[in-house]
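Chains as they are written, first to last, in numbering that gives the first Met the number 0: chain A, 0 to 309; chain B, 0 to 132.
A few of these clues could be false.
In the EDC-like style, the derived pairs of lysine to aspartate or glutamate whose C-alpha atoms are separated by at most 16 Å in a straight line are [stated by the list, open to error]:
1) B:Lys107 with A:Glu67
2) A:Lys60 with A:Asp153
3) B:Lys63 with A:Glu198
4) A:Lys149 with A:Glu260
5) B:Lys63 with A:Glu186
6) A:Lys149 with A:Asp87
7) A:Lys199 with B:Asp67
8) A:Lys183 with B:Glu94
9) B:Lys59 with A:Glu198
10) B:Lys106 with A:Asp189
11) B:Lys59 with A:Asp258
12) B:Lys47 with B:Glu57
13) B:Lys106 with A:Glu186
14) A:Lys183 with B:Glu104
15) B:Lys63 with A:Asp56
16) A:Lys51 with A:Asp87
17) B:Lys107 with B:Glu94
18) A:Lys218 with B:Asp76
19) B:Lys87 with A:Asp73
20) A:Lys154 with A:Asp73
21) B:Lys106 with B:Glu94
22) B:Lys87 with B:Asp67
23) A:Lys269 with A:Glu253
Calculated from the structure, these hints are not laboratory results. What you are looking at is a predicted structure, and each value in this text was computed from that prediction instead of being measured.
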Amino acid sequence: MKKTIKIQLNIEKKLILKSLSLVVLVASLAFSSTQIALADDSKLGSVSSQWKPVASDKLIKLPANIIEKRIQKDFKASAMATRMTELDVEMQENVAVIKAIIQVMPELEGEVAQNQRFELLQYKSEYLDLLQESHYLHQSALEKKQTLYKNVLDKLRLQSGKMNNNEAYQIQQAQIVARQRMEKVIEQVDQSLMHLGVEKPSSYTNEYSKNLNQIQNLKMAINRHQANQSPKMNGVEITSEEYLRQLLMSVSTERSLLDQEALMLSYMAKLVALDAQALEYELAYGDEENAEMISEVSKPSTVTTLFYQE
Amino acid sequence: MKILSKTLAIATLILSMTSTVNAKPNSLFTLENLERQRAALLDNLTTKQLNVYQREQETKNLIKRLVDLERMVLRDDRISASNSIMAKNAFQSYELTFLVHAGSESKKLPIAHWLYSLKITDESIAKSKLGAR
Chain A
0 MKKTIKIQLN
10 IEKKLILKSL
20 SLVVLVASLA
30 FSSTQIALAD
40 DSKLGSVSSQ
50 WKPVASDKLI
60 KLPANIIEKR
70 IQKDFKASAM
80 ATRMTELDVE
90 MQENVAVIKA
100 IIQVMPELEG
110 EVAQNQRFEL
120 LQYKSEYLDL
130 LQESHYLHQS
140 ALEKKQTLYK
150 NVLDKLRLQS
160 GKMNNNEAYQ
170 IQQAQIVARQ
180 RMEKVIEQVD
190 QSLMHLGVEK
200 PSSYTNEYSK
210 NLNQIQNLKM
220 AINRHQANQS
230 PKMNGVEITS
240 EEYLRQLLMS
250 VSTERSLLDQ
260 EALMLSYMAK
270 LVALDAQALE
280 YELAYGDEEN
290 AEMISEVSKP
300 STVTTLFYQE
Chain B
0 MKILSKTLAI
10 ATLILSMTST
20 VNAKPNSLFT
30 LENLERQRAA
40 LLDNLTTKQL
50 NVYQREQETK
60 NLIKRLVDLE
70 RMVLRDDRIS
80 ASNSIMAKNA
90 FQSYELTFLV
100 HAGSESKKLP
110 IAHWLYSLKI
120 TDESIAKSKL
130 GAR
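Bound conformation, chain B alone (with noise of 0.2 Å):
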C-alpha cells in the first residue's frame, strides 16, 4: 500500500513537472512580436511622417529590438514545436525574417538587405506605377 501510494506520488510529480515545462500559452508570442517589428521596420522605410533625422533615430531603435527578438525567435524551441505555417515560412525565408543578422552576412544594413533581397533597385523603383491593389 505504501509502495502504491508512493508510486501514485512520482507519477503525479512527473506529470506536474512535464506540464510545467511544458505549458505554452501562445508559443508563437515572440515571433509574431519579431513579425511586428519588421513590419515597423519597413513602413519606417517608407513613411513620408518623418525627416531624414528622425526616421535615422528610429530605425536605430527598431534595429536593437529586433537583434534581440531575432535571437529570442532562433532560440524558442516552442516556436518550432508550434508546428504552424508561419514559423515554417520565417525559418525557411531566413534572408527576409531575420533582416539584421542576415544583413550582417552580406555586410548590408537591414534595410538595404530587403530590398537587395526581394531584388528592388534605383532601376525597378523608377520603373514602377503607383496604383491600387
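The shape of chain A in the complex, shown without the other chains (with noise of 0.2 Å):
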C-alpha cells in the first residue's frame, strides 16, 4: 500500500514538473514566435560571431569581380560564417532527431508517448532558437555586404568623378584629341616632306611603323588576358560599376527571400506553442476522450441494462 502511495506521489511530483516546465516552454515560445520579427540583435549576434568589413582603397583597386571574391573570401574567414557552420551542424542533428521521435511516436501509448511530445517540443524550441540565431546571421551578413557594396559603388563614383574633373585627365583628353587630329595629316605632311626635298624617312618612322603593329599585337595580348578582363554579367562585358549595381540587387534580392523566412519562422515558433499548450492542457485537465468516457458511463440510460436481466 505505501509503495503504491510512494508511485503515485511520484508519478505526481513528475506531472507537477512536466506541467511546470511545459508552462514555462509555452511561455517562452509564445513569447519568442512575437518576437522572433523584432529580434534583439544584441543577443543574437554575440561579439565572437562578428564580421566587420571595410571599403579599403586597396579593395576598391581591384576588378570588380575580384571585388566580389575577396569579400566573399574575408567573410568565409570571419567568425561570424564560423558559428552559421555551427549552427547548421547543430540544426541537421536537431532535425534528425525530431524526425526519428516523430517516427517513434505512433507507436507509442500512454506516459511514454507524453514524454515523447514533450522531448519533441523541446527539440523543435531548441531547433527554433538555433534557426532564429542563424537567420538574424544571415540578415546581419547581407546587410553588411550590401553596405559594403554601396560603399565601394560609392568610392568608385568618386574615384572616377574625380578623374573627370582632374587635371591629369583634361590633359590626357586634349592629348588624345590633338592625336587624332594629327593622325588625319600624317600622309599629308610626309608628302609635304617628299616636296621639301626629304626624301629618305626618318630612322624614327621606320622605327615606329615596325614598332607599331608589334605593339598592337602586345596591346591586344593584354587586353585579352584573363587577368585585365572586365567583369561579365551572362557572358557580356560591363563596368565595374555596374557589376555592383547587379551584386547590390542580388543582396536585396536574397534580403526579401530572408523576410519571407523569417515569417515561416515565426509560423512554425506559433505552431510549437500551440502544441505545448495543448499538451499543458492535456496534463492538467486529463484527456478529452476519457472525460467524454466518464460522462458516457454517468448517464443513466447507458447502464439501464446492468440493472436488469433479459
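Work from the hints to combine the two standalone chains into their complex.
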C-alpha cells in the first residue's frame, strides 16, 4: 500500500514538474514567436560571431569580379561564417532527432507518448532558437555586404568623378584629341616633306612603323588576358559600376527572401507554442476521450442494462 | 608556407613590373626637345646671320626634326600623365605647338602657319616699332 502511495506521489511530482516546465516552455515560445520579427540584435549576434568588412582603398583598386571574391573570402574567414556553419551542423542534428521521434511516436501510448511529445517540443523549440540565430546572422551578413558594396560603389563613383574633373585627366583628353587630329594629316605631312626634298624617312618613322604592329599585338594580348578582363554578366562585358549594382540587386533579392523565411519561422514557432499549450492543457485537465468516457458512464440510459436481466 | 612564399614572390614580381613600366626619369623630355626645335625654327626665321639659301636648308632640317618630335610628343602618354602646366599649354595650343601638322591642315608652311595663328601680317610688321621690352 505504502509502495503504491509512493509511486503515485512520484508520478504526481513528475507530472507537476512536467507541467511546470511546459508552462515555462509555452511562455517562452509564445514570447519568442512574437519577438522573432523584432529580434534583439545584441542577444543574437554575440561579439564572437561578428564580421566587420571595410571598403578599403586596396579593395577598390581590384577588378569588380575580384572584389566580390575577396569579400566572400573575407566573410568565410570571419567568426560570423564559422558560427553559421556551427549552427547548420547543430540544426541538422536537431532535425535528425526530431524526425526519429516523429517516426516512433505512433507506436507509443500513455505516459511514454506524453514524454516523447514533451521531448519533441523541446527539440523543436531548440531547433527554432538555432534557426532564429542563423536567420539573424544571415540577415546581418547581407546587411553588411549591402553596406560594403554601396561604399565600394560610392568610392568608385567618387574616383571616376574626381578623375573626370582632374587636371591630369583633362590633359590626357586634350592629348587624345590632338593625336587624332595629327593622325588625319600624317600622310599629308609625309608627302609635303617629299616636296621639300626630304626623300628618306627618318629613323624614328621607320622604327616606329616597324614597332607599331608589335605594339598592337602586345596591346591585344593585354586586353585579352584573363587577369585584365572586365567583369561579365550573362557573357556580356560590363563596367565595374554596373557589376556592383547587379551585386547590390542580388543582395536585396536575398534579403527579401530572408524576410519571407522570417515569416515562416514565426509561424513554426506559433505552431510549437500551440502544441505545447495543448500538451499543458492535457496534463492539467486530462485526456478529452477519458472525460467523455466518464460522462458516458454517468448517463443512466447507458447503464440501465446493468440493473435488469433480459 | 609554400603558398605564402609563392604569393610574396608574385607580389614582388607585379611590383617590379609596374615600376618598370612606370619608370620616368623626365616625362617632359620630348616636349622640351620639341620646344627647343620650335624655338630654333622661329629663330631661324628672324636671324640675320643666314642668307636665303642657308635659311631654306636649315628650315628643311628643322621641319624634318619637328615632324618626328611632334609625333613623339603626341604619342607619349607620360607627357599627359605628368600633370604639368607645360603639357597642358602644349595640347591646348595645338596650332602653335605642332606647327608642321597644324600647318599641313591649313595647307601652309610651318612658319606661315605660325604667323597666321598669331595674326602677324606684313601690315602689322610694317606698323610695329622696335624697342626694348
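Going down the list of hints, with the structure as the test:
no.: 1; hint: B:Lys107 with A:Glu67; result: violated, 57 Å
no.: 2; hint: A:Lys60 with A:Asp153; result: holds, 13 Å
no.: 3; hint: B:Lys63 with A:Glu198; result: holds, 10 Å
no.: 4; hint: A:Lys149 with A:Glu260; result: violated, 25 Å
no.: 5; hint: B:Lys63 with A:Glu186; result: holds, 14 Å
no.: 6; hint: A:Lys149 with A:Asp87; result: violated, 29 Å
no.: 7; hint: A:Lys199 with B:Asp67; result: holds, 13 Å
no.: 8; hint: A:Lys183 with B:Glu94; result: holds, 15 Å
no.: 9; hint: B:Lys59 with A:Glu198; result: holds, 12 Å
no.: 10; hint: B:Lys106 with A:Asp189; result: holds, 13 Å
no.: 11; hint: B:Lys59 with A:Asp258; result: violated, 79 Å
no.: 12; hint: B:Lys47 with B:Glu57; result: holds, 13 Å
no.: 13; hint: B:Lys106 with A:Glu186; result: holds, 13 Å
no.: 14; hint: A:Lys183 with B:Glu104; result: holds, 9 Å
no.: 15; hint: B:Lys63 with A:Asp56; result: violated, 47 Å
no.: 16; hint: A:Lys51 with A:Asp87; result: violated, 22 Å
no.: 17; hint: B:Lys107 with B:Glu94; result: holds, 12 Å
no.: 18; hint: A:Lys218 with B:Asp76; result: holds, 14 Å
no.: 19; hint: B:Lys87 with A:Asp73; result: violated, 43 Å
no.: 20; hint: A:Lys154 with A:Asp73; result: violated, 20 Å
no.: 21; hint: B:Lys106 with B:Glu94; result: holds, 13 Å
no.: 22; hint: B:Lys87 with B:Asp67; result: violated, 20 Å
no.: 23; hint: A:Lys269 with A:Glu253; result: violated, 24 Å
In summary, the structure is inconsistent with hints 1, 4, 6, 11, 15, 16, 19, 20, 22 and 23 from the numbered list given earlier, while agreeing with the others.
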